[in-house]
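Residue numbers (the UniProt record's numbering), protein chains in the order written: chain A, 1 to 229; chain B, 1 to 229; chain C, 1 to 229; chain D, 1 to 229.
By construction, these hints were calculated from the structure, which means they are not laboratory data.
The C-beta atom is built at its ideal place from N, Cα and C for all residues, glycine as well.
No false leads were mixed into what you were given.
Covered, in the sense of this in silico footprint (three residues per stretch, anywhere, with C-beta under 8 Å from a C-beta of chain D), are these stretches of chain C: (1) 105-118; (2) 180-192; (3) 205-211; (4) 219-228.
Each chain, written out:
Protein chains: 4
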Amino acid sequence: MLEQLKQQVFAANMALPDYGLVTFTWGNVSAIDHGRGLIVIKPSGVPYDTMKTEDMVVVDLQGKVVDGGYRPSSDTATHLVLYQRYPQIGGIVHTHSTHATAWAQAGLPIPALGTTHADYFFGDIPCTRPLSAEEVAGEYELNTGKVIVETLGDNDPLHTPGAVVYQHGPFAWGKDAHDAVHNAVVMEEVAKMAWIACGINPRLRPLDGYLMNKHFRRKHGPNAYYGQT
Amino acid sequence: MLEQLKQQVFAANMALPDYGLVTFTWGNVSAIDHGRGLIVIKPSGVPYDTMKTEDMVVVDLQGKVVDGGYRPSSDTATHLVLYQRYPQIGGIVHTHSTHATAWAQAGLPIPALGTTHADYFFGDIPCTRPLSAEEVAGEYELNTGKVIVETLGDNDPLHTPGAVVYQHGPFAWGKDAHDAVHNAVVMEEVAKMAWIACGINPRLRPLDGYLMNKHFRRKHGPNAYYGQT
Amino acid sequence: MLEQLKQQVFAANMALPDYGLVTFTWGNVSAIDHGRGLIVIKPSGVPYDTMKTEDMVVVDLQGKVVDGGYRPSSDTATHLVLYQRYPQIGGIVHTHSTHATAWAQAGLPIPALGTTHADYFFGDIPCTRPLSAEEVAGEYELNTGKVIVETLGDNDPLHTPGAVVYQHGPFAWGKDAHDAVHNAVVMEEVAKMAWIACGINPRLRPLDGYLMNKHFRRKHGPNAYYGQT
Amino acid sequence: MLEQLKQQVFAANMALPDYGLVTFTWGNVSAIDHGRGLIVIKPSGVPYDTMKTEDMVVVDLQGKVVDGGYRPSSDTATHLVLYQRYPQIGGIVHTHSTHATAWAQAGLPIPALGTTHADYFFGDIPCTRPLSAEEVAGEYELNTGKVIVETLGDNDPLHTPGAVVYQHGPFAWGKDAHDAVHNAVVMEEVAKMAWIACGINPRLRPLDGYLMNKHFRRKHGPNAYYGQT
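Throw the hints in and build the complete structure from the sequences for me.
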């Protein structure tokens with residue numbers, strides 16, 4: 001069932017330790033088959049070094065397991081909220097990558113300071129508001145998804161392909177699982193650069209709007225001219 | 001004698017350089033067989049790249065060597081004090097890992113700032129008071145154990161599975177040697193994240209209590225729902 | 001066509017991930033055959049792990065592709081401006097290496113603080129002024145080259161073999177592609193050291209002029225005495 | 001000639017890139033045969049990946065090459081001054097390792113902040129005064145050695161087995177080449193820890209004298225009890 005998507009999700013999960021984004025089992029990737037309304041996601045707490053393609057779990061949009069011998073990731077409900085709200089999203093990644101998580105702990109958006117950022121993210125990478133005690137005590141993972149949606153609002157999620165959840169860590173997404181991992185790598189790298197740049201010059205200026213626009217449009221949309229056609 | 005425990009302790013010691021927690025011989029892991037009152041511990045000053053399972057030293061709870069051709073770790077007395085006081089502890093790790101040691105040198109607890117921390121440590125990772133000149137001149141390693149016990153008090157050591165000793169470095173523990181190494185890796189990672197987060201925002205807020213509670217309980221205790229059952 | 005130069009440019013491009021200077025495809029190296037007026041440059045957006053020597057693109061000094069099946073790097077126009085202005089330059093590298101990019105985001109030159117810097121760069125590594133909205137909306141990559149030339153002026157580009165472009169990142173160059181990569185590695189390392197040194201002592205003194213002169217002359221010019229003759 | 005010492009010096013030089021202490025050829029190790037008054041040292045500017053044991057150069061205490069086909073390291077005169085002044089020194093290392101060099105650029109000693117430091121260095125790792133214009137213009141490398149001697153004075157060089165030269169970088173030494181590399185690794189690690197610790201708590205207290213003494217004496221001198229006898 002959904003063999004190809006399972007392979008993509010497995011490969012995307014295995015890429016997380018390769019890119020230095022996860023320690024132990026602290027991360028998960030999912031992807032959706034929008035036509036069938038089914039999501040493939042990493043099983044909860046299974047170590048990367050023994051995980052296999054067939055361990056991937058298939059759930060429907062209500063989170064019911066329809067294929068697989070393991071429990072799905074404990075963050076499954078967060079992924080589902082995002083897929084339900086944004087049909088543009090095809091894959092989602094959650095990690096506790098060091099520098100992006102530090103911005104989440106600092107309670108601040110990752111500011112757009114350079115073209116590296118603008119090549120992938122249009123504007124700051126937002127930080128959610130704190131969840132309330134009620135939201136945490138209730139359906140916590142569902143509410144985590146809701147607060148990300150509240151933060152993103154009607155923005156195009158492929159123009160802001162990630163956010164940090166306050167005191168928690170980064171979520172990134174993209175048109176598929178591979179693209180989501182790509183954006184998670186970028187978020188960690190620009191989080192590191194922004195930390196260092198602000199340390200060097202606390203009074204630095206945010207990225208000029210016209211330069212942001214130029215770089216984002218070089219790589220995205222009808223007038224993109226980066227790469228091969 | 002205690003072959004299985006020796007293998008576990010050897011494997012746990014060898015994991016320290018793999019996780020980047022030690023330089024040269026700066027680290028040691030032990031584990032206890034509570035039933036027999038015997039501890040297996042790394043020999044003192046033996047390089048990791050030539051160390052073998054049979055080099056592990058067996059001592060009793062008074063520190064007397066009962067098996068093995070080497071002297072036990074010079075920190076053995078510290079381990080013994082912890083095993084004697086807390087029957088919940090099955091394994092102990094000492095390292096000089098970079099960021100946790102920096103917090104020890106700063107003389108501050110590693111603050112709970114995010115869910116990464118709360119998944120393993122309930123509350124700040126405490127920093128001991130300075131040892132007095134008398135405590136250092138006397139039974140130094142024994143007194144190091146005592147000051148950790150003084151710091152932990154009646155807290156459940158598996159809820160606070162580590163501490164930093166003032167101007168010295170981190171000790172971590174767990175239900176066995178493998179678990180203790182796991183907690184030492186987490187302590188180093190959250191020490192790094194906390195340093196960066198405080199650099200980004202010196203006025204950041206500590207982790208909300210209800211979020212701390214939620215995350216710790218997701219992974220620990222009767223209502224845990226992370227991972228496979 | 002230009003087989004040897006293609007091999008040099010390919011090898012220089014492949015060295016970028018080996019030295020940790022690039023993530024994904026964020027970097028490019030070119031070299032020039034001044035006699036024939038032809039430049040060999042990396043294709044745009046091709047991943048390093050599948051790129052081959054024959055994928056290198058040959059363009060003339062006006063940027064017209066004269067050999068190769070791919071589009072040249074989107075930064076080709078920047079390289080061309082530098083080759084046209086400075087005949088001493090034989091190879092050029094552009095990366096988004098972490099620490100050099102952070103200085104670009106901070107909007108500051110990388111200050112000459114030690115002999116490591118002076119062994120390769122005579123004086124600070126300059127940061128360009130911001131491009132105007134018109135310059136970005138117009139021939140952006142060409143204007144990026146022009147602002148580097150404006151910054152360097154009549155300085156010998158082999159005495160200042162690199163610069164950071166404001167809010168963008170580093171460009172480095174040298175007598176050939178290999179030398180340019182060498183200088184890009186040095187720029188990243190001295191950018192890291194300068195960040196740390198300024199963090200340790202915000203009131204540190206810049207490198208004494210006579211020490212700068214001594215170290216640069218140890219390795220460059222008629223009285224150099226470093227290395228083998 | 002001096003085959004065994006050449007092998008030791010070659011192995012010690014090759015350890016520098018393994019420990020991440022050098023980029024390119026930025027480092028050199030030497031060792032002395034005090035009985036014969038001969039020093040074995042790395043050749044100048046030869047890359048680590050092609051260097052062989054037989055490339056090591058033998059010089060006498062006046063720096064005259066007595067064996068070997070290459071020029072000795074351009075820093076040879078610095079090494080000689082130290083060997084002439086301190087018969088306890090058997091091996092010397094010079095690197096531009098990142099964090100120790102940053103302290104040199106900051107113009108500050110690396111402060112003794114913890115037991116990791118005190119296990120190897122008794123007290124701060126000193127920073128030399130600036131060399132004068134005359135000292136730099138004259139016999140620069142010789143004067144670099146002299147300013148290290150001026151800084152160390154009558155201290156036991158094995159109690160302070162390293163120093164940073166102002167705006168330049170670290171020199172470390174030990175009873176032989178292997179020991180000198182060991183101390184260079186420690187200096188880089190404690191330089192990194194001290195940077196982080198001072199960032200976490202700018203008002204931290206230096207290491208208590210009695211704790212310094214205890215740790216240094218655990219590993220050095222007649223009452224040492226660390227390691228195997």
